[in-house]
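From just these sequences and the hints, can you work out the full model?
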Amino acid sequence: MKKKISVLLVVAMLAMMLASAALADNQMTIAWWGNQTRNERTQAALDLYSEQNAGVTFDPQMNAWSDYWAALATASAGGSLPDVIQMDYQYLSQYVDNNLLVDLTPYMENGTLDMSKVNEGIVGSGSKDGGVYAVCLGVNAPALLYNKTLLDANGITIKDNMTMDEFFAVSKEVYEKTGYKTNIGYGTDNVFNYVLRGLGHSLFTDGQLSATLEDAEYFFGLYEKGIKEGWHVSSAIFAEVTVGSVEQDPMIYGSDPANMSWCAFFWSNQLTAMQNAAPEGVEIGITTWPSADPAASNYLKPSQFFSVSAQGSQQEEAVKVVNFFLNSVECNNILLAERGIPAASDVAEAVAPKLDANNQKVISFINDVVSPNSSAVPAADPTASAEVYALVDEIIESLCYGTISASDAAAYFMDEATAIMNR
Amino acid sequence: MSQTQRGTRPKRRLTIGQWLNQEHVAGVVCTSPFIIGFLLFLVVPMILSGYYSFCDYDILSAPEWVGLKNFINIFTSDAKFVKSIGVTFYFALVSVPLRLIFALIVAMILLRNTKLTGLYRSAYYLPSIIGGSVAVAILWKRMFAIDGTINVLLQSIGIDSHFAWLGNTKTAIWTLIVLAVWQFGSSMLIFLSSLKQIPETLYEAARVDGASSPRQFFSITLPLLTPTIFFNLVMQMINGFLAFTQCYIITQGKPMNSTLFYTVYMYQQAFEFKHTGYASALAWVMLLIVGAFTGVLFLTKRFWVYDEGA
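Those protein sequences? They're chains A and B, same order as listed. Position 139, counted from 1, in the first sequence is what the working numbering calls 139; the numbers after and before it change by one each time, with no gaps. Position 269, counted from 1, in the second sequence is what the working numbering calls 269; the numbers after and before it change by one each time, with no gaps.
Just so you know, these hints were derived from the structure itself, not from any lab. Be aware that one or more of the hints could be misleading.
[Stated by the list, open to error] Looking from chain B toward chain A, a few residues come up when the C-beta cut is under 8 Å (computed):
#, residue
1, V25
2, A26
3, C30
4, P33
5, I59
6, N73
7, A164
8, P255
9, N257
Just so it is clear, CB atoms sit at the ideal spot from N, CA and C, and this is done for glycine as well.
This is the structure in structure tokens:
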């Protein structure tokens, strides 16, 4: 008798596992990368949607940038991509080319998705081969965030569109007056290309490595100079933080100026999250990344998109959610431009008065500083770039550790990067 | 089966209850969760990874057969492969013996029966349960940070330490080794049970002959423990080669790949660089290396492991 009961129990357990797996399917999954501020606001916006649309519940999946893409690729292999996917400019074409995203054109035609208030160029940034695969959630630009409170107290002012030499001078001055050091964007992949754009070059062209040995020497020379003059942070701190995490950036994380940076190479929409994560009483300022030629380096970019998975079973409903994020003023009153200035012009206008001082700063930064003084957004990097950027990080660690000179680093970079691209 | 048994009972169909009550049905059903899991999560993925190792595969698009290309690249043009093998061997060869020595010492101390022995044994076993967790890894990372607990403790005893344990190529690997050694509990339990089985009469005889404590240890305890040491060594070595979580959370291979464990490099290739086919090939190379290493250990067995039958 006991045997029979235990057998039945096991069978019941297996059945329950299958049933729970099937039940979970009724929820709509939505995935994004981000920070604490974004997680809270997005969750609140989703709650509002559930309130207004009875029966729709969400299973939100949030990750840090670095883990997000690994998780997403794995989900795609398992045929279980989230219904709504936060997508990046860098990865869009990979996902479109593999037919993983839904073409939204039919939904635009039948009115489920209203893109009429979105600038055509921005609609285009989410399009490929005549189809629309991604809806821009906001616009941003590369932004140097800095500890304004610290600099103000020491009488140092930052001007927009700094050249490299001006940036060096500030870094040196800050170090001498306060002991705070500088982190030239370790782990922020786009810095390399940004710097090269200032020289009239680019890191990749048509999917191939196009940086020259001189380019690499120039870029790695920045770090060498900083280390030699003492104002660049030591490589030690890179091992202690989660790269790309706002909350753990050495500008706001740490207790000893010798291991902290006065500035951080981030994106304009991250000002809010950085300000929220900063210690009490620290005001964060925003300016452009330094470059030999700021107008050539700088660009505006769709900060992120929402896409709809072709593997999902609730595509119609997913498109409605995307439309909600794009066109609902109520929703954007919760999100408050954390993902960048809303792409729909009427929503941007309606939300503008509600934005706090930080977001006002971001808007004037985008409209008054970057827009009039920028060039076209660079093409998305080739797939192999992930490995090239890992190589760059490794070389920067060695440079800051002092085990390699900038010229050796450049030669090593050219050899290894060429090998990676040819693999 | 009862249907085929002659004469004793009339032939009839079994009710569901009777059918379930049979020995072999119960056996199969009760082991099925494991068997299903084993097939789905181990055998199928292994077969797939075997196939992918001969393909260009980036997860997003369909795999493309390339023959031996991945294996050739591993052995001819991958400096990180060599580096990560070196790091992994260093980690396993240092941390496992240290852990075993530590486990043995603690086991010998806990062998004596006092009222609190049970408590101590549980307490020392605890790190084995929690030590592999993500939470402890994050704790470890904070402890060894420049402004972390270790430096603060050093400062409190008068050493002005601002040393970057995780940021230095020489010390970063040691933070991982210390964490591994700290998880000595399961080896300790196995040692404990073996120690208890050593007959007391041997020690009595030794004492009568005037053998000192160290002499007793080296002439009685250690030789009789060699089968246990061997078992622990093989199991822990395999675990050591496959260590992942601690490195992935604490150092991510930094600084400058000085802590790049083989498994973490494999993960990078598979999920960060999207060379999943290449990573599968790396996995199979690792399987061969671990297999060969274990084989060598077994070959050395007859030179140092005490065999009671002999």
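Evaluated hints:
1. V25: Cβ of B:V25 sits 7 Å from chain A, so the hint holds.
2. A26: 5 Å, holds
3. C30: Hint on B:C30: holds, closest Cβ of chain A at ~5 Å, below 8 Å.
4. P33: Hint holds; B:P33 Cβ to chain A Cβ min 7 Å, cut 8 Å.
5. I59: At about 4 Å, which falls below the 8 Å cut-off, the nearest Cβ of chain A leaves the hint on B:I59 intact, so it holds.
6. N73: This interface hint holds because 7 Å falls under the 8 Å limit.
7. A164: 3 Å, holds
8. P255: 5 Å, holds
9. N257: The hint holds - B:N257 has a Cβ within 8 Å of chain A, the shortest such distance being about 6 Å.
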